[in-house]
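Sequences listed follow chains X and V, in order.
Under this note's numbering, the first residue of the first sequence carries the number 1, and numbering increases by one thereafter.
Under this note's numbering, the first residue of the second sequence carries the number 1, and numbering increases by one thereafter.
None of these hints come from the bench; they were simulated from the model.
Each hint should be verified, as a subset may be incorrect.
[Claimed, not checked] Reference listing, derived: stretches of chain X covered by chain V, where coverage requires no fewer than 3 residues with Cβ under 8 Å from a Cβ of chain V:
1. 102-116
2. 357-371
3. 641-652
4. 674-682
Just so it is clear, CB atoms sit at the ideal spot from N, CA and C, and this is done for glycine as well.
Chain by chain, the residues:
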Amino acid sequence: MLLDGATGTELQKKGMPSGVSPEKWVLENPDALIALQREYFQAGSKAVLSFTFGGNHPKLDEYGLGDAVREINRSLVKVSRQAAGKDGLVAGDISATGRFVQPFGDLPFEAAVNIYKEQVAGLLEGGVDFFIIETMIDLQEARSALLAVKESCDLPVCVSITFNEDGRTLTGTDPVSALIALQALGADAVGCNCSTGPQNMLKFVQAMRPFAKIPLLAKPNAGLPKLIDGCTVFDMDPEEFGKYGPKLVEAGVMLLGGCCGTSPSYIARLESNIKGIKPLLSKQPVFSAVTSIRKTVQIGPEFPVTIIGERINPTGKKTLPEELRQGKTTEVRRLAMEQAAGGAQILDVNVGMPGISEVKKMTEVVETLATCVETPLCIDSSSTEVIEAALRIYPGRALINSISAEKAKLEKLLPVAAKYGAMFILLPLDDEGIPGTALEREAIVVKVCDIAGSYGYTKQDIIVDGLVMTVSADQEAAKETLKLIRWCSEEFQVNSLAGLSNVSFGLPDRGIINNAFLAMAMGNGATAVIANPDSEDLMPIKMASDVLTGKDKNSAKFITSRTAKEKPSREARGSMESRGLLEQIFDSILSGNREAIAPLLQKALAEGHKPDSLMSQQLIPAIARSGELFDKREYFLPQLIQSAEAMKAAVEVLEPLLKADAPDAPAKATIILATVKGDIHDIGKNIVALMLRNYGFNVIDLGKDVDAPLIVDKAKETGAEIIGLSALMTTTMVQMKTVIDMTKTKGLRCKFLIGGAVVNQAYADEIGADAYAADAQAAVKIAREWSSK
Amino acid sequence: MTSDTSSKIIYFDNIPATPEKKSIMSRLGYRTRLTTLQPGDISSMGETINLGLALCRNRGALGRLTITDHSDDSISLPDGNCFEDKQLARLLRHSEEVLLMAGTTGSEITTSISREMEEGNASRAVILDAVASCSADMILDWLMETFNKMIRKEGRKLTRRRFSPGFSELSLNNQAVIFRLLGLERLNLHLTDSMMLVPEKSVLAIAGIERITN
Chain X
1 MLLDGATGTE LQKKGMPSGV SPEKWVLENP DALIALQREY FQAGSKAVLS
51 FTFGGNHPKL DEYGLGDAVR EINRSLVKVS RQAAGKDGLV AGDISATGRF
101 VQPFGDLPFE AAVNIYKEQV AGLLEGGVDF FIIETMIDLQ EARSALLAVK
151 ESCDLPVCVS ITFNEDGRTL TGTDPVSALI ALQALGADAV GCNCSTGPQN
201 MLKFVQAMRP FAKIPLLAKP NAGLPKLIDG CTVFDMDPEE FGKYGPKLVE
251 AGVMLLGGCC GTSPSYIARL ESNIKGIKPL LSKQPVFSAV TSIRKTVQIG
301 PEFPVTIIGE RINPTGKKTL PEELRQGKTT EVRRLAMEQA AGGAQILDVN
351 VGMPGISEVK KMTEVVETLA TCVETPLCID SSSTEVIEAA LRIYPGRALI
401 NSISAEKAKL EKLLPVAAKY GAMFILLPLD DEGIPGTALE REAIVVKVCD
451 IAGSYGYTKQ DIIVDGLVMT VSADQEAAKE TLKLIRWCSE EFQVNSLAGL
501 SNVSFGLPDR GIINNAFLAM AMGNGATAVI ANPDSEDLMP IKMASDVLTG
551 KDKNSAKFIT SRTAKEKPSR EARGSMESRG LLEQIFDSIL SGNREAIAPL
601 LQKALAEGHK PDSLMSQQLI PAIARSGELF DKREYFLPQL IQSAEAMKAA
651 VEVLEPLLKA DAPDAPAKAT IILATVKGDI HDIGKNIVAL MLRNYGFNVI
701 DLGKDVDAPL IVDKAKETGA EIIGLSALMT TTMVQMKTVI DMTKTKGLRC
751 KFLIGGAVVN QAYADEIGAD AYAADAQAAV KIAREWSSK
Chain V
1 MTSDTSSKII YFDNIPATPE KKSIMSRLGY RTRLTTLQPG DISSMGETIN
51 LGLALCRNRG ALGRLTITDH SDDSISLPDG NCFEDKQLAR LLRHSEEVLL
101 MAGTTGSEIT TSISREMEEG NASRAVILDA VASCSADMIL DWLMETFNKM
151 IRKEGRKLTR RRFSPGFSEL SLNNQAVIFR LLGLERLNLH LTDSMMLVPE
201 KSVLAIAGIE RITN
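Chain X extracted, bound-state conformation:
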């Protein structure tokens, strides 16, 4: 079907001024739109889009028309109906609100759905034939509009996404992930429009086609916009544009039109060029895939086994339930990122625990994870309400864990799963309980697949759970699970999975049993496993099994993973055990091993070593060596500080003994440290304090945002020899001069050391400071130099 081309830019040529509400202008000048749309029909368009691109509440509200959404949409459709006459079709045009929907933006998903439902109501009242949701820059907003249409009527609805030149939407969605998510949610056609010219759009369509179970749509711009002689123009003429018509149709496009920069002449060129050309329709694609907003994960016998990470589950954990109760998401994010980095391709999400609203918590967690990891999610709950809430707001195609043959699940959860197009894990049990044999489970699998088929499901949308039972209770259990997995793979040809950790309950060294079972399940044809990817040896065994079952082509992934393993540092030191006690003390400071240092010192003291000799011959040389390595960049900041932390622990052991041995020994200099007034950045100053204390200085840390008089008074009171000042901002560094001037006015003879991101030696010279230190190590050097004089 040939659609129309650009409308807004063409109406501007017909006199529509900028800065006005386009929708209102058309209602006041309907003849301009009628004339243009008639030109499109004459050029070959079979359908035009109603002039309601900005017809949603937020957009109309920018012109004070937010209260007239239904009326404006209804009236604009009627204008287009006049142009369409009896034979032409009118599509209700819906586009972006200009706001970003959660999880990226701040507009709640349900609010977005309601905004679109209001517009849809007006379009339906006007008498549209179908809907086109177009120029959508965010998949989540497109989903909200699609749901609004589908929950309002049964008319066909097409969704067209705008991809940038990098092949992603603004929020990072690629064409395949967008297609899979939207067709699963019930779109009748999916495609792309605007942003790029037909050349790039051809690539997007070609990427989508192998996964398209529905017609594809394309409405490219006439190239990219450029400014020539003060006017915005598109660089492609109708002839050049028209050349891409046949290519797009051959690539599978069944709804074709134009976007920005096109006109009736472009559509006429398309019409003549595609005459007689039919899309090369392929067989109905067969694939199993879930998506996140940024990634598609395919599951099947031809792919390496998919790991579904199991760790986002409060059962048996301490931190996660605490944080979920407190409304925090840090632990969830950490578990998600760790599992994704560890090799999980899908993340199971279960937040079921007493004392919380599972619906609220699940939606919060799903929103958090949708943006913090690319990994698609598996929604795991026993509650249909929780699963529906999660599926509704999840910006992708999720997996459900799980649907069984229990009556309640089939009657309530299966329709919900079908509405949102989610894949699901089929649990082969029913109201009678868990069947003991593979044969009985097979019967349940067949039954659930049949019923799911009536909701539009195919076998590719289902993963059968082998129902792993613990072998310590029944040693035949694992065999039955493996039989079922083999039957799924060889006879029924459906994906299957094993939940690894169940098998080893009650046994020692559970990881060994789990990993052995992983290899056996893979050997019998499992296409996925639910597991902790960070379990010891799990991923290497999984990857080795992928090699042995021929799923890792040319063993490429296995080879890459093994060669990427961390290699020991070229300067790795020998083991602690091979070193003498004093060397171990030295090494502990140098390597920042603060747990080891106190016991080592106690042992050395017990063997008769003197505190002052341990300090002067081991600790001070070690911390000095750490500073040297830092100066040479062989150590970086965390290593320098780890040494300082170990030194601090050592000083805490030795200092009382040193004081007892030499009560009259002179103390090192007193140093006042402060982040100046108005400045709240203090991490650098805190590190300087730690390092100076390790060298025996008497450090008085006044904290951050400190008034100049307080610093001066404290220096006077303590007789401080050095004042160290820190500032991070140009506006606060001037306070350093205030402190210096005030100190001098009071006649104190302190030396001034300054530091911070915005200061340097020149500034130190300018304000009369004695020195500038670029980092904590430099500050220590200067202070030691001054105190030795």
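Dock chain V against the given chain X, drawing on the hints supplied.
Coordinates of chain V only, in the frame set by chain X:
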């Protein structure tokens, strides 16, 4: 936010801006061919970096305003707002509009940095601090990249560089102007009397919107 009808604010509640570990390590002074790490160091630092990334709750806001007047040392915005700085004025000399940006990693990470420092875990604190700093930069990079894509079809682009109050001669007092125009209370930010943003790992910036020319 102003009488300028072309201006509006977009808020982002979850910005997928995750800095690469190598940029965090580099910020901490790691040099590929010089710095020597033990395998244990790598894994413990990696864990702390992962924790830091998990602690960051990246949010941001964008506001687009028309530039009403240019001079050599200032640019004027609607409603009497003005940014005075020669370098900024030079950066925006071809811009018809300005983009104001704000990004924050949230309070959880800054609370954790302070706690680690207080508990004597300074090395963890500096790693978390570097994660937060890199994330804050990444948020602004993401905002600029996203907005650039949004305006591409208008035949417009952002200036390559951005500018923050406190740098060059642009007074830190302009933080208050940007804060007000973007309504940053919505991101749970606040400004101290000395114009410091709280939580600490929050940044404001200005970039120009230019037409793409041949």
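Going back to the hint list, which numbers does this structure go against?
none
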